[in-house]
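Based on the sequences and whatever the hints tell you, model everything.
Single-letter residue listing:
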Amino acid sequence: MTGKTGGAEVTLKQVRFSYGEMRMNFDLTVPAAQIAAIIGPSGSGKSTLLNLIAGFEMPQSGTILIGGIDITRAAPAKRPVSMVFQENNLFAHLDVEANIGLGRSPKLKLTADDRAAVASAIARVGLAGKEKRKPQALSGGERQRVAIARALVRDRPVLLLDEAFASLGPALRIQMLDLVKALHAETAMTVLMVTHHPDDALHLDATLFFLENGMIAASGSAKDLLSDTGPEVLKRYMGTMA
Amino acid sequence: MSLISRTLPAKPLAGAIALAFLTLLAGGALFSLGFEASRETGNTLAAFNPYLWRVARFTLWQALLSTALSVGFAIPIARALHAHQHFMGRAFVLRLFALPLALPALVAVLGITSIYGRSGIISQMSQYLGLGFIPDIYGLTGILLAHVFFNLPLAVRFLLTGLDSIPADYWKLSAQLGMGNGARFRLIEWPAIARSLPGIMGLIFMLCVTSFTIVLTLGGGPRATTLEVAIYQALHFDFDIGQAVALTLIQLMLTLAILSAFRITGRPTEEGFSLAITTRRYEKLGTGERLANWTAILLALLFVALPLAGTVVSGLAADLGRLMSERTVWRAIMTSLVLGAAAALFSVVLSLALVAAREAVAAGRKGQETQSFFERGLDTGASLILVVPPIIIGAGWFILLRHFADPFDFAPWMVISVNAAMAMPFAVRLLRPTWDTASARHNRLCAQLGITGWTRLRLIDWPVLRRPLGVAFAFAMALSLGDLGTIALFGSDAVQTLPYLLLQRMGSYRTLDAAGLALILGVLSLSLMMLADRGSQPAARKERSP
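Residue numbers (our numbering), protein chains in the order written: chain A, 1450 to 1691; chain B, 484 to 1029.
No wet-lab data here; the hints were simulated from the structure. Keep in mind that the hints are not guaranteed to be accurate.
Simulated DEER-style distance windows between Cβ atoms [unchecked claim]:
(1) A:K1630 to B:A574: 26 to 34 Å
(2) B:A923 to A:L1514: 24 to 32 Å
(3) A:R1582 to B:D1016: 25 to 33 Å
(4) B:A846 to A:S1676: 37 to 45 Å
(5) A:K1630 to B:G936: 55 to 63 Å
(6) A:L1621 to B:K767: 48 to 56 Å
(7) A:G1517 to B:I500: 41 to 49 Å
(8) A:A1577 to B:R912: 26 to 34 Å
(9) A:T1512 to B:A846: 22 to 30 Å
(10) A:T1512 to B:P946: 48 to 56 Å
(11) B:R746 to A:L1621: 47 to 55 Å
(12) A:V1682 to B:R848: 31 to 39 Å
(13) A:G1517 to B:P946: 39 to 47 Å
(14) A:K1672 to B:T863: 50 to 58 Å
Below, simulated EDC-like cross-link-like pairs (lysine to aspartate or glutamate); rule was C-alpha separation at most 20 Å, straight line [claimed, not checked]:
(15) B:K655 to B:E766
(16) A:K1527 to A:D1544
(17) A:K1684 to A:D1648
(18) A:K1527 to A:D1648
(19) A:K1583 to B:E766
(20) A:K1558 to B:E766
(21) A:K1581 to A:E1612
(22) A:K1579 to A:E1612
(23) A:K1556 to B:D944
Here a beta-carbon is modelled for each residue, glycine too, at the ideal position from N, C-alpha and C.
Now the structure itself:
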């Protein structure tokens, strides 16, 4: 069910985009099967970056490649990515099973194989027994688990997490990060996550991209960038500058 | 397989079609009137006669008086209801105050005559007591009574919402400082009331200026007639096209003037129209004030409840069995239901098209501040009927169709179209919040999962929209069932709705029949309204789900 595709490299070349007054220009590469964490002040363009990769926004110019294929103009559903949002990942009127099943068939016409995949994904994220629950009968953490299970059955090489765990408490957030870590180890998918917590990047031992004013102001391993010898922009952001 | 999606812009297209229909409906009527006016300039100019100006003056005068009386009485009643947050039957009173607006005007008129009319309760009591007082409500008195009956409860509900917005700390302060009735009114309540007053008064004034049924049935001849009724009479009885065109032009200018004044005053908010107790009051009221409050509440209760009870009592006194065995009655009921359902369906479809298109276009705009002309059209299109009232649309098309065919043949189409447009401001207000929230939640998800078109409608949108669509449908149908304006112009022996038949029976002084029909019509409308009300309650409670 999972892990057959492996990860794919994500590249943005001179991608320009403006939203109202804000002008952005992204240039980055995340190698296949890596975990990248994107941090930065609010309004710096973190979510926009993921939206461009997922196809919810169209760049004014530039190219986006996934696994070497130009997907700049492709429709969201045709891109090899799955995205998990902070909230509203689930349709409130559909149960857990249906919400995950939509990842296999948008018409919800599921084959026996699809059902098996859904069942095993549910078990994998630790929701066995809650198949028939509606989202309002789930906790915040459980809802995000459903969203991740759907990403699993979609089996796309790139996973985008847009502050997916921001509304969870500290312990739950760590649990979810551990789940992502374990799934990453199994499937080797490329993960790009936007987060407000630099600790998340350390926890996942991720490559860090620091965004400021719609540009990547610094990048490198999280351990290096967040250390005392890291760049000044980051220290300013962290508030660790004297 | 292409990576690039080529989806048809179905939503904007549907919105454009809906807008085109509305433009045709209003534009056709206006074109017809303009054309007629320019063709018969002499006749039209001659129609700007003293009669027209008298009618225009009376239209404004009765609306002004109705507004002043409704709001003037509403203030003490709202204050009293707010001062007494806990008493048995408070919820009942508030529910009762929601009824008149849901009642077809014709039904309310019969209820009012059953109390204040020549052979109403008051008249009978005075005869019994040998007072020799026989009330005559036909004319300004009747119009004012009916308008206050409709608008006083509305004003009370709006004012209560305004009073509920007063912070709880003010009431604590007022109790601590020992403010008396006068000081409390001046310092605490008046600012809240004054804030909502312009909007309330504007709304009531507009409703009274465009009131048709009440003036038609309770007005007394040329002395007490409004522009809308005069238009109807010019077309229906005198067949004086020039006069009708002139009257319509004046009415159009009047509504435009009022609506632009609306822009300045703003509209009253309906948020928090609920039975919930939102404020706690801390002060101890004096006996005199308590007495005054209870008197106000009791009188208001009687004023609203008596005509309602009158409708039921005189309706039951009618020979319902015979009425129900009349073929004409059955045909009228069926015609009303079919036309009402068709108008409601049409209204809901048009509204949904506008709402969906507006959201799709706004989402495509991405942060740019300026709305396109198209988007603004989608935004305000549903309110077109407020600028060009049903009677004007009806009159315009009546005059236009006359050149090509027998206008009466178009009765069903006109009734469906105009009533659908009439309900659109309400339907859009019911549908838009749900649609916009659902879209905000689902758009990206559906795009990613590739859920589009018919599948999306079936799996995602329909389950969420079912309830508000049903509510809008019931509401639109109730509104359409009670409407008299369009059918009064286009109705004939061939096409009779329940209100039309009711008006005919009233006209031929078959009062008992009319009372029976009014009861049937009232029950039909209120059942639909209650259905709509019930449908909209749990939806509000479920709002918090993810």
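So, going through the hints one by one against the coordinates:
no.	hint	result
1	A:K1630 to B:A574: 26 to 34 Å	56 Å, violated
2	B:A923 to A:L1514: 24 to 32 Å	30 Å, holds
3	A:R1582 to B:D1016: 25 to 33 Å	31 Å, holds
4	B:A846 to A:S1676: 37 to 45 Å	42 Å, holds
5	A:K1630 to B:G936: 55 to 63 Å	38 Å, violated
6	A:L1621 to B:K767: 48 to 56 Å	51 Å, holds
7	A:G1517 to B:I500: 41 to 49 Å	44 Å, holds
8	A:A1577 to B:R912: 26 to 34 Å	44 Å, violated
9	A:T1512 to B:A846: 22 to 30 Å	25 Å, holds
10	A:T1512 to B:P946: 48 to 56 Å	39 Å, violated
11	B:R746 to A:L1621: 47 to 55 Å	50 Å, holds
12	A:V1682 to B:R848: 31 to 39 Å	33 Å, holds
13	A:G1517 to B:P946: 39 to 47 Å	40 Å, holds
14	A:K1672 to B:T863: 50 to 58 Å	57 Å, holds
15	B:K655 to B:E766	8 Å, holds
16	A:K1527 to A:D1544	25 Å, violated
17	A:K1684 to A:D1648	14 Å, holds
18	A:K1527 to A:D1648	33 Å, violated
19	A:K1583 to B:E766	47 Å, violated
20	A:K1558 to B:E766	64 Å, violated
21	A:K1581 to A:E1612	27 Å, violated
22	A:K1579 to A:E1612	24 Å, violated
23	A:K1556 to B:D944	13 Å, holds
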